[in-house]
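S.K.: Next come the chains, spelled out residue by residue.
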Amino acid sequence: MGKIIEISHLQKSFGKNPVLKDINFSVSKGEVVCIIGSSGSGKSTLLRCINLLEFPTDGEIFYHGQNILEQKMTTAVYRAKMGMVFQQFNLFNNLNVLQNCMVGQVKVLKRSKAAARQTALEYLELVGMSSFIDAKPNQISGGQKQRVAIARALSMEPEALLFDEPTSALDPEMVGEVLKVMKNLARSGLTMLVVTHEMAFARDVSHRVVFMDDGVIVEDDTPEVIFNNPRNERTRVFLKRILDE
Amino acid sequence: MSVNADSTFFQWVIFIFQAYWPLFLRGAEVTLIISLTGTIIGFCIGVLIGVIRTIPIDHNTNIVTKILYKIVNFLLLCYIEIFRGTPMIVQAMVVFYGVAMIYGIHLSTLFAGIFIVSINTGAYMAEIVRGGILSIDNGQFEAAHSIGMTHFQTMLNIILPQAIRNILPATSNEFVINIKDTSVLNVIGVTELFFMSKSAAGNNFRYFEVFLITCLIYFVMTFTVTRILRYFEVKLDGPSVYTIHGSQTVPEAQFKIVDRGKR
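First to last, the protein sequences are chains A and B.
Each step along the first sequence adds one to the number in the working numbering, with nothing skipped, and position 90 is 526.
Each step along the second sequence adds one to the number in the working numbering, with nothing skipped, and position 120 is 204.
Keeping only pairs whose Cα atoms sit at most 30 Å apart, straight-line, the calculated DSBU-like set for lysine-lysine is: (1) Lys543/A with Lys319/B; (2) Lys465/A with Lys439/A; (3) Lys150/B with Lys517/A; (4) Lys549/A with Lys319/B; (5) Lys150/B with Lys452/A.
Okay, the calculated beta carbon distance ranges per label pair: (6) Phe236/B with Lys549/A: 16 to 22 Å; (7) Cys128/B with Glu561/A: 40 to 46 Å; (8) Thr327/B with Glu558/A: 18 to 24 Å; (9) Val673/A with Ile155/B: 54 to 60 Å; (10) Cys128/B with Leu679/A: 58 to 64 Å; (11) Asn453/A with Ile189/B: 57 to 63 Å; (12) Lys549/A with Ser324/B: 24 to 30 Å.
Some chain B residues well away from chain A (every beta-carbon gap over 12 Å; in silico): (13) Leu120; (14) Gly273; (15) Leu300.
Since the hints were derived computationally from the structure, they do not count as laboratory data.
The beta carbon of each residue, even a glycine, is placed where N, CA and C say it ideally should be.
Only chain A is shown next, with the shape it has when bound in the complex:
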């Protein structure tokens, strides 16, 4: 399978504080990869580096073999191919649900309004939000917002979708509806990279689980191995703590 993203020796420091130390891993087409680990382990920073919302201090990120940290490829062009779903949804507050899913298609992909509307409606239907196209973000619930945010990212028809703790800001009763949408997407063959605290989702849905601790990837394996026989002591301690709660 073709590797979409390949990361080698990636480092990121905020000031003198190293957050990522020598990260190496890759994501292939159609893979669902979950990144788990305790808060402050660098999971979100890694995801944000992949989308260049944070610029790495050192190392390389290859997109289909092309180093995106050199200036050959425009950041905006690359970002359009990497969808991102945020913890805080970040829907555009000045636009309604439908416009949220259309604006990127029209302005960045230069699609016609009619085509953009068609695509947006398809994906809104997929996440079960097509009835709410006229609502403004401040008029819908958190779970609904996150589903619209997923539809917005999908409307750009990205090669991979990055999820940054998509359910962490939701009320417990709304987590389910978002996870259901994400499960369906995973089954449809979309490439997904998910930073999450939802261990059941990581275990049941992903092809690979990456455990991060203190800025390094401690273990990168199938969910069966990570959850049943982790090789590393730190993984074992983390999972025991989480699963015992």
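With chain A's structure known, arrange chain B on it following the hints.
M.R.: For chain B alone, kept in the frame of chain A given last:
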């Protein structure tokens, strides 16, 4: 109606209004033209500067752009500080007589008035717009960038519509201030409302009566303007209800939802 030294206060007011209303009207017209044009141009200057001053400098920027940006930023800062830091009445004198002396050009007083009010308002608006942009949650920028928008696309489609809504109260403040402060332009002979009132008062030696009328006209103008802009604010907030469209299974299901917690 005629008046003499024994006439009452109200007789004077009525007399002056009847005799001079075309003068008041013309003065009010000039005041409105200058303050409206000045506010609009100043607003545009402010938005432009606000956008320029919030351009992110990151890894992608090369060294030449960085230096250019620093220079532009410095010049803009000088403009803002100088025009915010000196009185408009003095700026009017300096610009009007300065241009005449250095370039030998006699500006029309109306043009000079609009010019001075515009650049003065621009200096204030630049900071107001910058504040408006900074007040928008960083997540809005990140989301726009994550779908591949450039800085200017993000500004135009996402940030400015929200920022401008947020700074409308401050803008209507500027407009009201401009309506009142055009009165200082009488020092360079702009025939606005204060200038006209002064001549009407001077002709009759009736200052209190004349300026009471002037006062009333100013108030009517500013009050009307604030009401109109308030209407725009409400309009920009959009409808407080939205329609739920029928799904494929229940096409007839179309009903309105009342906004929860309308701000």
